[in-house]
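Start from chain S and add chain W according to the hints.
Residue numbers (the UniProt record's numbering), protein chains in the order written: chain S, 1 to 678; chain W, 1 to 678.
Calculated from the structure, these hints are not laboratory results.
Just so we're clear, the structure is a prediction, and the values are computed from it rather than from any experiment.
One should not assume that every hint holds.
Since copy identity is lost for identical chains, a pair holds within one copy or between any two.
[What the hints assert, rightly or not] Here are the simulated DSS-like pairs of lysine-lysine, each with C-alpha atoms no more than 30 Å apart in a straight line:
id : residue 1 : residue 2
1  : Lys113    : Lys349
2  : Lys113    : Lys427
3  : Lys116    : Lys523
2 protein chains.
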Amino acid sequence: MSWLARLAALVLLALAPMVHAAEAAAVASPDGKIRVSIDVDGEGHVRYSVARGTAALITPSWLGFLFTDAPKLHRNLSVTGSEARSFDETWTQPWGERTQVRNHFNELRVHIKETKPLARGFDMVFRVFDDGVGFRYEFADQPNLHTLSIAEELTQFNLAQDGTAWWVPAFEWNREEYIYNTTPIREIATAQTPLTVKLADGTHIAFHEAALVDYAGMNIARVQGTALKAVLTPSARGPKVVRAAPFTTPWRTLQISPDAAGLAMSNLILNLNEPNKLGDVSWVHPRKYVGIWWGMHLDSQSWASGVKHGATTANAFKTIDFAAANGFKGVLIEGWNLGWDGDWFADGKDFSFTQAYPDFDLPKIAAYAKLKGVHLIGHHETSANIAHYEDQMDAAFDLYAKLGIDAIKTGYVSDAGGMQARGADGKTMFEWHEGQVSSVHHLKVVTEAAKRHISIDAHEPIKDTGLRRTYPNWVSREGARGMEYNAWGAPPNPPEHESVLVFTRMLGGPMDFTPGVLSLTGKHGQQIQSTEAKQLALYVVLYSPIQMAADLPENYVKYPRSFQFIKDVPTDWSDTRVLNGEVGDYVTIARKDRAGDNWYLGAVGDEQARTSTIKLDFLDPGRSYTAEIYRDGDGADWKTNPHAVAYETRKVTSADSLTLALAPGGGQAIRFVAGPRK
Amino acid sequence: MSWLARLAALVLLALAPMVHAAEAAAVASPDGKIRVSIDVDGEGHVRYSVARGTAALITPSWLGFLFTDAPKLHRNLSVTGSEARSFDETWTQPWGERTQVRNHFNELRVHIKETKPLARGFDMVFRVFDDGVGFRYEFADQPNLHTLSIAEELTQFNLAQDGTAWWVPAFEWNREEYIYNTTPIREIATAQTPLTVKLADGTHIAFHEAALVDYAGMNIARVQGTALKAVLTPSARGPKVVRAAPFTTPWRTLQISPDAAGLAMSNLILNLNEPNKLGDVSWVHPRKYVGIWWGMHLDSQSWASGVKHGATTANAFKTIDFAAANGFKGVLIEGWNLGWDGDWFADGKDFSFTQAYPDFDLPKIAAYAKLKGVHLIGHHETSANIAHYEDQMDAAFDLYAKLGIDAIKTGYVSDAGGMQARGADGKTMFEWHEGQVSSVHHLKVVTEAAKRHISIDAHEPIKDTGLRRTYPNWVSREGARGMEYNAWGAPPNPPEHESVLVFTRMLGGPMDFTPGVLSLTGKHGQQIQSTEAKQLALYVVLYSPIQMAADLPENYVKYPRSFQFIKDVPTDWSDTRVLNGEVGDYVTIARKDRAGDNWYLGAVGDEQARTSTIKLDFLDPGRSYTAEIYRDGDGADWKTNPHAVAYETRKVTSADSLTLALAPGGGQAIRFVAGPRK
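The shape of chain S in the complex, shown without the other chains:
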């Protein structure tokens, strides 16, 4: 068949709904630009559509569910009513990219009921912001819906236009760590979220979810053409989700912006989460940290005991000394506890979360850290055996609390094929990292930790859906390819990696990427695809309230001038501005220190040399700043001359512009030191 005939058929299909369905309800964003409308087609499918201005973004898309134990909820639906409301408040982040966050939306609640005998009902709630849309399903308890055993969520996302997509596959090896694909939208297969697309008309949309609580993580599969749909993460139990009514699903989110920068400026995910449930969280501390970690990835140290054991009392003392001497408030030490000597990667059942190796004197080290004004960051690698971990969790957290350890890095590396959970029958079930069982586990860890005033930084985690607003002790997590892939990844992270991350993974929330490897060298001498200046820029570009200086202490000594920026840069901000960016090409971000008047700027690019000019109008007007510039030097190139860094100082004001020249694989970092107020 000819492509022309195919196109004609598609056009006919696209027109068909307009003929048959009348709009049942609609809602627009506060600025009037984004509009969501609801209709019911001839077969009783309730559908939503999204437009921005005159451009259709999402054509009529179905909603509904398959169940394992009941007829699907999909056709034969009617809209029985709807209500609208507006909401506008500004709330304060205890820590974050900005102090004040405005939460401003128009909401439409649509009441939906089956026209068939079961007469099941639910509400669809749409919140439309200037920067996108969130919607969710809400179920009241009712005679024919006490418990929902969800086989699949039938939410569609039918894109109205073709374009480019940045995505990583779902359901591959049970984690989130992949190099991003850059493809036409029509080449998306099944993707994890955030999934970011740039439509033909330039509109950017990032698909994700907010407030993933006691539910399966949503992935997005392409059906055909540019038609996408939700695919929930499976469970060994059968239903992907089991929930008793009343309950609400997580928010399905579309961050929408005319440019890439707008995506990274969006607060939509946080705004759709519930406010802080922990009360006073002054015990949660943004900070930088160093640790005994990179050596394991270089294979010069080991988690396991023996001659290369990294977590020794002597090494700990040295690392604490280094931290204290350079102003780092945190020290992470991995491999301190019993259990690393067997086949830990397989099932983690040998891990003790309270017993240290004999060469690691935990109480003594904790006391020494305290003496030096440094906080140990505890470490719990579970190998994804969550049943085993939960058995010891109370004792493990109590131990850390007793020793004054106020943050824990958890880990869920698994080679067994999933999270090992305990089923109702006591037997082991293998569950996905993004499944409902995992979502329950992670929140249990976070809330149990909160009781002891401990913060959590989860690696190989469930994805970030903004729950840090509700549980501010969930300070960071991994959930993408981080620095360790530069040590041993085949291939290592490409130069564009972080310019993709900002507009994909980072839309979910902070990432503990562990930047700052100034030596630019991985295992067996593998070259990191970055210039030295870019390593500095990452501290501003990749937001996390806890940031590691990941390199070995002895390497930092070799690069004292660059190291100064790492010592200077804060990790908590009163304001953030994304100055420019194109997904996978480059991005420039400026942030203001929450503890002072200084601004910081980071710019990273990709494998090409890139130049951009930015206005400094984010600076306080009329004030003078000393810009301490760390830029790629002459001839810098990640491949041939990565350590060429130029250091400059310049006086600037908000009326100035700056031209940033990034080398291939390069970046630039700037500290704007505020002069006295006029």
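Same frame as chain S, but now just chain W:
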């Protein structure tokens, strides 16, 4: 990142395995052209690769399983040994496209064992034919593998080249009835099988499976690029498959041919199925049939009772008379049994499979049919409520057997979200049409029917994987968009539809498409996108041992000359030759009547006018034939002039060629009447 850099990265990835893995075993096809090789990579993944000649088709692809209750079987594997054998036999089909089938392959059995403590083992068995490859997993009972609870099969199909794909989506609305997508391979999302691709070098590969017994149907998802993988059909139970060892999976099949015609000539699927287990099957009868069916799709009759009720004794008698008068041996009557008046589409729980409507005197009709030399074809629409159907199945089959009804059309239309099965706890479970529970159900129906010498023609079935070889009473099924979509489909089947079906769906086996609607008109006058001549060609092109003349009897009276071909054409063949074809464009097939010396030819095209010249060298050499030609007449076009048919008679021999001119939406049918032997 630039496309060039991306390409370079991919090339590096593709080269990596060659560096690290040594071939552990290999096997070639009897003609030496197709070669499968096995290796183990550095992490202990066992991989297979497929090449044809010097062209790589499948690059190293992983094998393995995820389980819901045990660690995955994927990494840390070793090849502990292998054995090869050759096999060559010719077996006889009781009915089919050809009488004799040669089953000629070289087999490689690879013994694989985990190097980790569980030490689980399995065999991979590869059978390499001149027309493709089949492979399966075989599990012996063993201490750490008594029962397999399979969460996913990790079989990959990494295509070495880009190209074009013809596919329908999986997991959409729980059936198989879609218009085919024609896309680049990189635009496959998740597809049902058969999935057919044409690689850049012209090689055609159809991915499917053979002998789907007590296992979940396999779908094929694209991971990224041209990397594909198996995705099993889910189950409400949790594991997609539960099997006690010893057991073998279905065969994963790759039919491989330098041209499209070769795919449609392949016997690989049948050859990988086990021989006939039913013994004497002389009670299975290929035949043509008419029925009370098309009127329901036109909405001039109804399944439900009332004034439009189609299944009345009077209508049955008329239809039997029409069949007898025109030489049709079968009569199908739908809507005869109680249960059609409620919301049968929802759950089918009101269906009786033994009680007729009062206006349908089943015993009297059966007796009248017998008197007229006609066989009733029974009808069991289940609405996919398989628990309800199985409860009545014995009684229903006994009733039909008693009345001499030797074939049943079953139906599994469902609007409930799945096959309604009964779980171990007695509660309803919603299962997929292609899942393990469905595979068990269908085989139960077929084997129970066989006990009564009844044949089965399943609609909305599980896919065909060649089980007709083992159970020859499984005569046909639907499993794709059939004629009824031309009645009410929006849109109806496009002109290319059947030229796609031959190289996709039909590779699985016979399809009860129900051709022959000479009126070319659906519900409310919807035009069928076919010429009249094409309707005749479908009887040869779309193989099924039972073929319906689907139009209303009163319509056949209007087209007596074309109707003659439908009366003449047989449905059982001693030989089949696919003379030419391009997927989705056109195909020409010649078949020889199993009951005589005549040959029949069918050619169908797409929306374009097409001309091809074919050699008649399939005819017996030196023998004279009278070719009765039914071709698109001058100016024929499905849109503007569909009833223009030209009828010609010509004397031909095997030395002749014929030029076939197909109109847009057209086709051609020829009956070659053999003259006396020399």
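Cross-check of the supplied hints:
1. Lys113 <-> Lys349: Classified as between: cross-chain Cα gap 23 Å, same-chain 48 Å, threshold 30 Å.
2. Lys113 <-> Lys427: between (39 Å within a copy, 25 Å between copies)
3. Lys116 <-> Lys523: between (63 Å within a copy, 26 Å between copies)
Of the numbered hints given earlier, the model fails none.
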